[in-house]
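Q: Spelled out from the first residue to the last, the chains are:
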Amino acid sequence: MRFSTLLLHLAQQGVLNDTAPRHLAGDPELSGAAAVDQAATGQLSFLMPGHQLSAALATCCASALLLPLDPELQQLAQERGLAWVALKDPRLGFAEALAALHPPRQWPAGIHPSAVIDPSASVGVGVHIAAHVVVGADCLVGEGCVLHAGVVLYPDVHLAEGCEVHANAVLHPGSRLARGCVVHSNAVIGSEGFGFVPTANGWRKMPQTGLVVLEEQVEVGCGTTIDRPSVGETRIGAGTKIDNLVQIGHGVVTGRGCALAAQVGIAGGARLGNGVILAGQVGVANRTTIGDRAIASSKSGLHGDIAAGEVVSGYPAIPNRLWLRCSAAFSKLPELARSVRQLKAAASDH
Amino acid sequence: MRFSTLLLHLAQQGVLNDTAPRHLAGDPELSGAAAVDQAATGQLSFLMPGHQLSAALATCCASALLLPLDPELQQLAQERGLAWVALKDPRLGFAEALAALHPPRQWPAGIHPSAVIDPSASVGVGVHIAAHVVVGADCLVGEGCVLHAGVVLYPDVHLAEGCEVHANAVLHPGSRLARGCVVHSNAVIGSEGFGFVPTANGWRKMPQTGLVVLEEQVEVGCGTTIDRPSVGETRIGAGTKIDNLVQIGHGVVTGRGCALAAQVGIAGGARLGNGVILAGQVGVANRTTIGDRAIASSKSGLHGDIAAGEVVSGYPAIPNRLWLRCSAAFSKLPELARSVRQLKAAASDH
Amino acid sequence: MRFSTLLLHLAQQGVLNDTAPRHLAGDPELSGAAAVDQAATGQLSFLMPGHQLSAALATCCASALLLPLDPELQQLAQERGLAWVALKDPRLGFAEALAALHPPRQWPAGIHPSAVIDPSASVGVGVHIAAHVVVGADCLVGEGCVLHAGVVLYPDVHLAEGCEVHANAVLHPGSRLARGCVVHSNAVIGSEGFGFVPTANGWRKMPQTGLVVLEEQVEVGCGTTIDRPSVGETRIGAGTKIDNLVQIGHGVVTGRGCALAAQVGIAGGARLGNGVILAGQVGVANRTTIGDRAIASSKSGLHGDIAAGEVVSGYPAIPNRLWLRCSAAFSKLPELARSVRQLKAAASDH
Chain A
1 MRFSTLLLHL AQQGVLNDTA PRHLAGDPEL SGAAAVDQAA TGQLSFLMPG
51 HQLSAALATC CASALLLPLD PELQQLAQER GLAWVALKDP RLGFAEALAA
101 LHPPRQWPAG IHPSAVIDPS ASVGVGVHIA AHVVVGADCL VGEGCVLHAG
151 VVLYPDVHLA EGCEVHANAV LHPGSRLARG CVVHSNAVIG SEGFGFVPTA
201 NGWRKMPQTG LVVLEEQVEV GCGTTIDRPS VGETRIGAGT KIDNLVQIGH
251 GVVTGRGCAL AAQVGIAGGA RLGNGVILAG QVGVANRTTI GDRAIASSKS
301 GLHGDIAAGE VVSGYPAIPN RLWLRCSAAF SKLPELARSV RQLKAAASDH
Chain B
1 MRFSTLLLHL AQQGVLNDTA PRHLAGDPEL SGAAAVDQAA TGQLSFLMPG
51 HQLSAALATC CASALLLPLD PELQQLAQER GLAWVALKDP RLGFAEALAA
101 LHPPRQWPAG IHPSAVIDPS ASVGVGVHIA AHVVVGADCL VGEGCVLHAG
151 VVLYPDVHLA EGCEVHANAV LHPGSRLARG CVVHSNAVIG SEGFGFVPTA
201 NGWRKMPQTG LVVLEEQVEV GCGTTIDRPS VGETRIGAGT KIDNLVQIGH
251 GVVTGRGCAL AAQVGIAGGA RLGNGVILAG QVGVANRTTI GDRAIASSKS
301 GLHGDIAAGE VVSGYPAIPN RLWLRCSAAF SKLPELARSV RQLKAAASDH
Chain C
1 MRFSTLLLHL AQQGVLNDTA PRHLAGDPEL SGAAAVDQAA TGQLSFLMPG
51 HQLSAALATC CASALLLPLD PELQQLAQER GLAWVALKDP RLGFAEALAA
101 LHPPRQWPAG IHPSAVIDPS ASVGVGVHIA AHVVVGADCL VGEGCVLHAG
151 VVLYPDVHLA EGCEVHANAV LHPGSRLARG CVVHSNAVIG SEGFGFVPTA
201 NGWRKMPQTG LVVLEEQVEV GCGTTIDRPS VGETRIGAGT KIDNLVQIGH
251 GVVTGRGCAL AAQVGIAGGA RLGNGVILAG QVGVANRTTI GDRAIASSKS
301 GLHGDIAAGE VVSGYPAIPN RLWLRCSAAF SKLPELARSV RQLKAAASDH
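Chains as they are written, first to last, in the working numbering: chain A, 1 to 350; chain B, 1 to 350; chain C, 1 to 350.
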């Protein structure tokens, strides 16, 4: 694809203005893209504030670059004879460019003969159902859904239009996916929550009869598990993105646009607001409430209430700035203890 | 189901005495159940000590309630015109009520034609084997077992009667499941333990030739992995319940009735007593020994020996009460360090 | 197998010298192996420095033993009438002995009729493809590979010769496995990295168009997930062994011979040197660089740069020896705080 064709595409996607500064430099043919320190001739790359920009640009071997709105960098690119365009958000531009250079694979409509579809299931038009898929009784599979090989839908699973479920993922009864959800390989949605009542004869299982609702455009990572509750719903807000190997307990509710990194665990009944970001391996205790746009750094453990907009760290989680100071002090604890011993000795000498 | 019919069921299950206080209030027809703050007409709910009971009851819209043995609450329910019954353990009653209102799905006996069963395998009567299941050589599948879609039994797997294995779970050679075990979707039992011997040419794998034994009524969560050892057994005690994404290393032995929450990791050779409870994301180091009924709070890291009945927290784990005080002090470390600096300055002024 | 036959095997494998001290003691027939405290007649066991050797030997019921090069132990074994041989590395000898006593199951060449192989895929000689496997377009499956039941290869996956992929594992487009790799059950290789760009309309997915490269003899545990990057490669160095439920983010690169224990999480773009060892539940922040042969103890959280050969612990990770002292001091924080209060009170009395 010519660089100029790519620019047209970026404009169509709304990430590039007609007036954006640019330089075609012979309008190179682009066959792919790469990171700025790895790109070769024929490849596109991008620079973002935060990179060491001038140095990166000086040695970059890409044929074309997406630059931030920085005249100095643009001049440097010009001097190096590179094609470039300047955007407000080069990273977003790069996402659109990658989609243009590597269009996502299309999965043709049709049902593989080895798939087993219950006669009571309803399958919309344009659906792709791959080999060895199982669709249980009373399932609804909306228009344009893609079910990859080995996917199992238990009875009573509803997928709205345009959902994609990757290989060997499993959806249990009561799973309700709104439009455009993506479930990655080996994820499990709607499994029984971990609810047991202690009795004289051991643990008695609490039946888990509720629903798991994924609102529109939710994405669920590989191997992630989202449990259904005994009653009521587990609900993941629209546009929330969940990474791999995350555990979401029964009755958890998240707001819109949250981002949950890999290996996060959220215990039963926790409530997350909109736009909450949990970094890797964070744990959230049961019935914890987390306000809108709160952020927890990796490995932190949250319980109780976290206010909107707070940034927390540590276990138990405390404000991030405080935690940074406490952690620094922690690594000096032996010295601190020695100082106190010396002070005590001196005091007792008096 | 009428409320009175439900009461008969609870009595049959042994969770309700004939003499338990009750009020039928027109004997409402119940179509389901819900949490006390979400229940609507036609639904059952329950109140437990720990809820803010009177307030919850005052606004509850359920038609019927399971109450604790508290005359005040019973009178309040009476005044609101609700049907109710009082039990020693309303949560246990609610479990039985849910099972009555939502009887678990029955899976008919039979083998789906797409299943692949090795001729040397032995399959008991009343077994349900779903689509795309694989049963390897020399497997034993006991009476009434249910194997959901996509389950793979490698050769030499034994399931006693009444086991249920959910979709896409995998059982490796040497897996031995006693009666009534449940393996949830995408769990892996009997995989090779992570044993490697360092050599001049890199890691040499230690062959893992042992068994994994699940005693009666063990439940294994989605995506959980339980490894087999090089020699001997990994053994999970009767009635132990394991949540999602738990890792149990080779040669681990647990007692009866343990509860292991999501994302717990137990390294090779650890020994757990009876009734041990590990909260979410707990880690147990190899060869650690944990006494009966010990409890570890979430994210704690255990090594060495933990005495019976201890409640531990933190990493490395220390007694919970001590840990709570230490954690509180941790968040004041910067102040403490400042105080010590001031004291030192004052001392040097003398 | 006779003990003498086993010794021949060990010599062939290069773990036993002809001149190694030994005693046949009637050359017992060996039917299996066990840990030293569990072995019975007819079984082989081994002793390693670190065991309480003399005591273990005194009560050991094995018929034959692999011993370290310690004349005292050899004499004790002699006195007890056991067959024995002494090796430099009895544990390595035991690995070879187990492989001889329990030869790994052979999977015959052939393609199960229920497998679905795209006509454009290339399948080498001697390949075993089990039931319900799916091999997508343009895949290459090298000579002697074993694909167990339910494995899904998306289009454009390359397996070099002698790879083994266990049941229900999933390999995504762009996965490139060199010779002799092993992927355990339910692992997912080459899934889309967790890359999203924030926009006014929520998260915009960054297309993940790169490769995942596993070099020779890499082993990937059950349920482990290794993501592909937006551009470039995720690369796992030759001979690296990865345990269960590990998450490896997009663009991570590891050196040769690393060992990553269960539930480790490595965020995007991190770089590990050769021979790095990460214990269970360790987290590595994005773009962290870890030097050759560095070791992180369980549950530690690494970010920034870790020097070659360092042993680190804690979160944030600090040198292990320092962390041990800090952790000890942590558990005495309440006392320390009290001492400081007393010193302050005494000072203000002056």
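Treat the hints loosely; a few may be bogus.
Note: identical chains are not told apart, hence a pair may lie in one copy or across any two.
Pairs of lysine-lysine, DSBU-like flavour, derived with a Cα cap of 30 Å [said to hold, decoys possible]: (1) Lys88 <-> Lys205; (2) Lys332 <-> Lys205; (3) Lys205 <-> Lys344; (4) Lys344 <-> Lys332; (5) Lys332 <-> Lys88.
No wet-lab data here; the hints were simulated from the structure.
Only a predicted model underlies this, so the values are computations on that prediction, with no experimental measurement involved.
Q: Indicate which option fits the pair Lys332, Lys88 if close means a Cα-Cα distance not exceeding 30 Å: within, between, both or neither.
A: neither (44 Å within a copy, 43 Å between copies)
Q: How do Lys205 and Lys344 come out at 30 Å by Cα distance, when the copy is not named: within, between, both, or neither?
A: Classified as neither: same-chain Cα gap 56 Å, cross-chain 55 Å, threshold 30 Å.
Q: Regarding Lys88 and Lys205, is the shortest C-alpha distance of 30 Å or less found within a copy, between copies, in both, or in neither?
A: between (54 Å within a copy, 18 Å between copies)
Q: How do Lys344 and Lys332 come out at 30 Å by Cα distance, when the copy is not named: within, between, both, or neither?
A: both (19 Å within a copy, 16 Å between copies)
Q: Give the relationship of Lys332 and Lys205 under a CA distance limit of 30 Å: within one copy only, between copies only, both, or neither.
A: Answer is neither: 48 Å inside a copy and 41 Å across each miss the 30 Å cutoff.
Of the numbered hints given earlier, the model fails hints 2, 3, 5; all others are met.
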